[in-house]
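Using the sequences provided together with the hints, build the complete structure.
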Amino acid sequence: GENVEQHPSTLSVQEGDSAVIKCTYSDSASNYFPWYKQELGKGPQLIIDIRSNVGEKKDQRIAVTLNKTAKHFSLHITETQPEDSAVYFCAASFINNAGNMLTFGGGTRLMVKP
Amino acid sequence: GAVVSQHPSRVICKSGTSVKIECRSLDFQATTMFWYRQFPKQSLMLMATSNEGSKATYEQGVEKDKFLINHASLTLSTLTVTSAHPEDSSFYICSARETTGVYGYTFGSGTRLTVV
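Taken in sequence, the protein lines are chains A and B. Each residue of the first sequence is one higher than the last, beginning at 24 in our numbering. Each residue of the second sequence is one higher than the last, beginning at 6 in our numbering.
A hint or two may mislead.
Said to hold, decoys possible - Heads up, simulated EDC-like pairs for lysine to aspartate or glutamate below, C-alpha to C-alpha not over 20 Å straight-line:
| id | chain 1 | residue 1 | chain 2 | residue 2 |
| --- | --- | --- | --- | --- |
| 1 | B | Lys46 | A | Asp107 |
| 2 | A | Lys65 | B | Asp93 |
| 3 | B | Lys46 | A | Glu28 |
| 4 | A | Lys65 | B | Glu27 |
| 5 | A | Lys45 | A | Glu25 |
| 6 | B | Lys46 | A | Glu62 |
| 7 | B | Lys46 | A | Glu106 |
Unchecked claim - Covered, in the sense of this in silico footprint (three residues per stretch, anywhere, with C-beta under 8 Å from a C-beta of chain B), are these stretches of chain A:
| id | stretch |
| --- | --- |
| 8 | 46-60 |
| 9 | 64-73 |
| 10 | 123-130 |
Honestly, the hints are just simulated from the structure, not real lab data. For glycine and all other residues, C-beta sits at the position ideal for the given N, C-alpha and C.
Here it is as structure tokens:
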């Protein structure tokens with residue numbers, strides 16, 4: 024089955040700096056890679072996702088890159104703000120018409136210092 | 006967008022009793038729903054995959070008789086923790102994938118279960 028590794032487990036940055044979180048996956052058949060933000064006591068919220076037919080996707084201060092050959096993908100947050108502080112999870116899945124599950128990375132606790 | 010409603014958000018129950026958690030997709034149909042368990046400072050652990058109209062598929066090590074899952078319609082799945090014990094205390098989260106797959110996976114807000 025799929026295995027997703029996520030690094031770093033904790034990341035502390037100064038407000039305004041950039042933050043990068045990296046994930047690797049094992050199953051070359053995976054074609055969907057979402058990133059979730061989870062605040063304390065809440066469920067994960069999708070912040071951006073990318074499918075295997077593109078290499079990069081950007082949404083304002085958030086971007087995700089995907090290298091299918093190397094089987095890794097990264098989350099980039101620019102101009103970080105204190106409200107970006109949360110736990111971020113990457114995930115991977117093979118999406119088709121069936122209900123395939125997501126495999127999650129271990130999470131990264133991001134702390135943005137004002 | 007796709008919205009998943011999960012209730013209750015918090016529940017405290019006595020040992021030996023059962024607790025039901027509901028997960029509803031509000032604006033889309035979900036053939037498949039997923040139930041996760043999350044321990045403090047850890048990632049989400051998949052417990053089971055719930056398919057509408059059929060039996061749930063449980064992950065290895067998850068007791069199907071203890072964690073009863075019912076996916077009776079395309080918008081509702083329930084997780085019942087039976088004969089709860091303190092070690093069942095955890096954060097339970099559901100997720101739904103809308104039928105076409107366009108919107109990916111949407112998560113509920115989670116249920117904090119405390120068994121006393």
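Taking the hints in turn, this is what the structure says about them:
Taking the CA atoms of B:Lys46 and A:Asp107, the gap is near 17 Å; set against the 20 Å cutoff, the hint holds. For the hint linking A:Lys65 to B:Asp93, the alpha-carbon distance of about 18 Å falls within 20 Å, and the restraint holds. With a CA separation close to 16 Å, the supplied pair B:Lys46 and A:Glu28 stays within the 20 Å bound. Among the hinted pairs, A:Lys65 with B:Glu27 is consistent with the structure: their alpha-carbon atoms are about 16 Å apart, no more than 20 Å.
With a CA separation close to 16 Å, the supplied pair A:Lys45 and A:Glu25 stays within the 20 Å bound. The suggested pairing of B:Lys46 with A:Glu62 holds, with an alpha-carbon distance near 11 Å, which does not exceed 20 Å. Using a Cα cut-off of 20 Å, the hinted pair B:Lys46 and A:Glu106 holds, with the two alpha carbons roughly 19 Å apart. For the stretch 46-60 of chain A, the stated coverage by chain B holds: 3 residues have a C-beta nearer than 8 Å to a C-beta of that chain, and at least 3 were required.
For the stretch 64-73 of chain A, the proposed coverage by chain B is satisfied: 7 residues have a C-beta within less than 8 Å of a C-beta in that chain, meeting the threshold of three. Check result for the stretch 123-130 of chain A against chain B: holds, 6 residues qualifying (beta carbon to beta carbon below 8 Å, three or more required).
The structure agrees with every numbered hint stated previously.
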